[in-house]
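Protein chains: 2
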Amino acid sequence: MSSAKPLLSKRQSSSSSSSNGIMHKCQLSTNRSPKKVCLVGSGNWGCVIARIIAANMASSPDVFDPVLTMWVFEETVDGRKLSEIINSDHENVKYLPGYKLPTNVVAVPDLKEAVAGADVLIFCVPHQFLGKMLPQIKDQGLVPDCIGVSLIKGIDFDDQGVVLVSSIIQTALDIDCSVLMGANVANEVAAGDFCESTLGCNDLRHGAFLQDLFHTNRFRVNVVLDPHGVELCGALKNVVALGAGFCDGLGYGGNTKAAIIRLGLIEMKKFCYRFFDGIKEDTFFESCGVADLITTCFGGRNRKCAELFVKDKGVTWEEMEATVLNGQKLQGTGTAKEVFHIIEKTHSLPEFPLFAAIYRIAFEGADPTTIVKL
Amino acid sequence: MSSAKPLLSKRQSSSSSSSNGIMHKCQLSTNRSPKKVCLVGSGNWGCVIARIIAANMASSPDVFDPVLTMWVFEETVDGRKLSEIINSDHENVKYLPGYKLPTNVVAVPDLKEAVAGADVLIFCVPHQFLGKMLPQIKDQGLVPDCIGVSLIKGIDFDDQGVVLVSSIIQTALDIDCSVLMGANVANEVAAGDFCESTLGCNDLRHGAFLQDLFHTNRFRVNVVLDPHGVELCGALKNVVALGAGFCDGLGYGGNTKAAIIRLGLIEMKKFCYRFFDGIKEDTFFESCGVADLITTCFGGRNRKCAELFVKDKGVTWEEMEATVLNGQKLQGTGTAKEVFHIIEKTHSLPEFPLFAAIYRIAFEGADPTTIVKL
Numbered sequence: 001m002s003s004a005k006p007l008l009s010k011r012q013s014s015s016s017s018s019s020n021g022i023m024h025k026c027q028l029s030t031n032r033s034p035k036k037v038c039l040v041g042s043g044n045w046g047c048v049i050a051r052i053i054a055a056n057m058a059s060s061p062d063v064f065d066p067v068l069t070m071w072v073f074e075e076t077v078d079g080r081k082l083s084e085i086i087n088s089d090h091e092n093v094k095y096l097p098g099y100k101l102p103t104n105v106v107a108v109p110d111l112k113e114a115v116a117g118a119d120v121l122i123f124c125v126p127h128q129f130l131g132k133m134l135p136q137i138k139d140q141g142l143v144p145d146c147i148g149v150s151l152i153k154g155i156d157f158d159d160q161g162v163v164l165v166s167s168i169i170q171t172a173l174d175i176d177c178s179v180l181m182g183a184n185v186a187n188e189v190a191a192g193d194f195c196e197s198t199l200g201c202n203d204l205r206h207g208a209f210l211q212d213l214f215h216t217n218r219f220r221v222n223v224v225l226d227p228h229g230v231e232l233c234g235a236l237k238n239v240v241a242l243g244a245g246f247c248d249g250l251g252y253g254g255n256t257k258a259a260i261i262r263l264g265l266i267e268m269k270k271f272c273y274r275f276f277d278g279i280k281e282d283t284f285f286e287s288c289g290v291a292d293l294i295t296t297c298f299g300g301r302n303r304k305c306a307e308l309f310v311k312d313k314g315v316t317w318e319e320m321e322a323t324v325l326n327g328q329k330l331q332g333t334g335t336a337k338e339v340f341h342i343i344e345k346t347h348s349l350p351e352f353p354l355f356a357a358i359y360r361i362a363f364e365g366a367d368p369t370t371i372v373k374l
Numbered sequence: 001m002s003s004a005k006p007l008l009s010k011r012q013s014s015s016s017s018s019s020n021g022i023m024h025k026c027q028l029s030t031n032r033s034p035k036k037v038c039l040v041g042s043g044n045w046g047c048v049i050a051r052i053i054a055a056n057m058a059s060s061p062d063v064f065d066p067v068l069t070m071w072v073f074e075e076t077v078d079g080r081k082l083s084e085i086i087n088s089d090h091e092n093v094k095y096l097p098g099y100k101l102p103t104n105v106v107a108v109p110d111l112k113e114a115v116a117g118a119d120v121l122i123f124c125v126p127h128q129f130l131g132k133m134l135p136q137i138k139d140q141g142l143v144p145d146c147i148g149v150s151l152i153k154g155i156d157f158d159d160q161g162v163v164l165v166s167s168i169i170q171t172a173l174d175i176d177c178s179v180l181m182g183a184n185v186a187n188e189v190a191a192g193d194f195c196e197s198t199l200g201c202n203d204l205r206h207g208a209f210l211q212d213l214f215h216t217n218r219f220r221v222n223v224v225l226d227p228h229g230v231e232l233c234g235a236l237k238n239v240v241a242l243g244a245g246f247c248d249g250l251g252y253g254g255n256t257k258a259a260i261i262r263l264g265l266i267e268m269k270k271f272c273y274r275f276f277d278g279i280k281e282d283t284f285f286e287s288c289g290v291a292d293l294i295t296t297c298f299g300g301r302n303r304k305c306a307e308l309f310v311k312d313k314g315v316t317w318e319e320m321e322a323t324v325l326n327g328q329k330l331q332g333t334g335t336a337k338e339v340f341h342i343i344e345k346t347h348s349l350p351e352f353p354l355f356a357a358i359y360r361i362a363f364e365g366a367d368p369t370t371i372v373k374l
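Quick note, the sequences are listed as chains A and B, same order. Position 374 of the first sequence, counted from 1, bears residue number 374 in UniProt numbering, the numbering being contiguous throughout. Position 151 of the second sequence, counted from 1, bears residue number 151 in UniProt numbering, the numbering being contiguous throughout.
Since the hints were derived computationally from the structure, they do not count as laboratory data. Where hints are given, some of them may not hold.
Identical copies carry no separate label here, and so any pair may be met within one copy or between two of them.
When the alpha-carbon atoms are kept at most 30 Å apart in a straight line, the in silico BS3-like pairs for lysine-lysine are as follows [what the hints assert, rightly or not]:
no.: 1; residue 1: K313; residue 2: K112
no.: 2; residue 1: K280; residue 2: K311
no.: 3; residue 1: K280; residue 2: K270
no.: 4; residue 1: K100; residue 2: K373
no.: 5; residue 1: K132; residue 2: K329
no.: 6; residue 1: K100; residue 2: K313
Since this is a predicted model, take the numbers as computed values, not measurements.
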């Protein structure tokens, strides 16, 4: 049984949590310095992140080569090439209009040219691009001790089990791959609002190096030695957000929505523990866990479309992607399918009643009110 | 390091969490049956709870005496005594207008008469009433094996340390006292919305018995063997809600608010572990933890008044209690003071930067933006 501790006799405990706010200062193992960084991707979130890291790189020339190479999927905007617009006007007018990119961000449309010589590869492209891109990057050849970091949210599966995007990168390129996930609505980060993010790493030296690359006073990066936990939180929270959106669509109040979010968090934890070994409980208290879940369940696109799905009976997810999201993709619907496939295949449905209900409402025409009849 | 588990070779894990959804069926140790229940309090939340438990009692006459005695602080409403209105019209027209009370709820204005012979005492009165009431209840004499359950949110302190309301009851009456806390906005519960609540007990027999008393399909009660953790969550979340309200008042976005809520949850945990032994980590994932925190930070009165405090410079907490809350009291401001006193006295301020910042904004004129400069 628990008991109150006397105030005055107890020794002063430092009780610092493992990573909270602690800035590590160390380097990658290779002696080559300064380090070259390539950002593979230039969409909305990629450009927001480019603004942060390019500024950090410019201010630490002893650690980083000041040029941030940004691979750009070339397209034509108002008759001009997007890469040329970025390099001359320093703005991605298509995906992050209104925010200038630092002049040390250099757009390169050729993938092999972009990644050549990079010590750090940051991945921020749609999941489905990787299959074609990774072999090209591998062909280019990587420098010794090159490391990766994935900002991509989503999971996959094969006959062996759940497959994480970071593992796909790690396997294809034979490099260590960390992940960065958190309560980071892109335009709020671009505006300089205070927020936090979580860097999940396999190796604290890499985590510390990447913290130097990403961390600012307004974008606070906590490092945790649990990349799989961080990445799974980033993917699974979008499924819970569909449930929160159904809840909003049904007109349910704050108690019910909080219950759905809590049950979702419990199933997120259970999914992590069920399908992975070594997940750390503390990860769920990081920005990638409870904070991202809250942000996504109150403000995200999955929540919004799920609300409309209930209110506007008959509308399809594809229609909403085309209209409500102007062509952007929902991530939660794909992840809900993948999660359902995995829990069904492993006969685990009774352990995940909320995930199953969300899938059935989203794809099998189940009554949305079944979400509170678990 | 963590690793993915293969899907098919793993034995099917039951991995049921300790209490989630498990209904215990057992009784108090005494042989006297059926049990008499007295609800000490008849305010807004008390009447909502009365509707739930009176229905449960009526449907289990083998377990419960069907009459729910409700102690009422007598006052005059439109020239009639409140207790008489409740007993004749079956409605508390002052504190829960529009919702009928079951006819087996009997209002009794005399405290000693109300508690006489009760096997279960449910406390749902303002904290400050207890000092006068508990000696009267003690004088009345209690039946053997009488148990208590507190629905009161707040903490106190003395020279020995933090003092919980349940401990005050337990000490004054020499009875075991459980607590019930959760994401339970009163009027939504009254309307029958689906929600959850957490019953924290010292003794699982008492927890199981009380679960039978409170649980319904729409008001789901999870039992945890961590009464102090549950009670501290119920009190401390109101302090975090002040921070969330400051955030809203400053016009900050979802990322920032999620970061404040997360940092608040971390400090809630730290406070529990710092000042109590035996707190269980799982409690923070119960309704009393993360769910109540979310509800309170988005919808509660502390959040609302804290937002106005920032926007309407110069307004006092007392003025808002009188006007915005129609005389109801904020709980978060008092708790923020008590928490600050405790962490200052124990030289623990560096461990609780958010709690300290919230106190200083609320009571020492600190700039509200200091909440993101921890």
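Violations among the numbered hints: Failing hints, ascending: 1, 2, 6.
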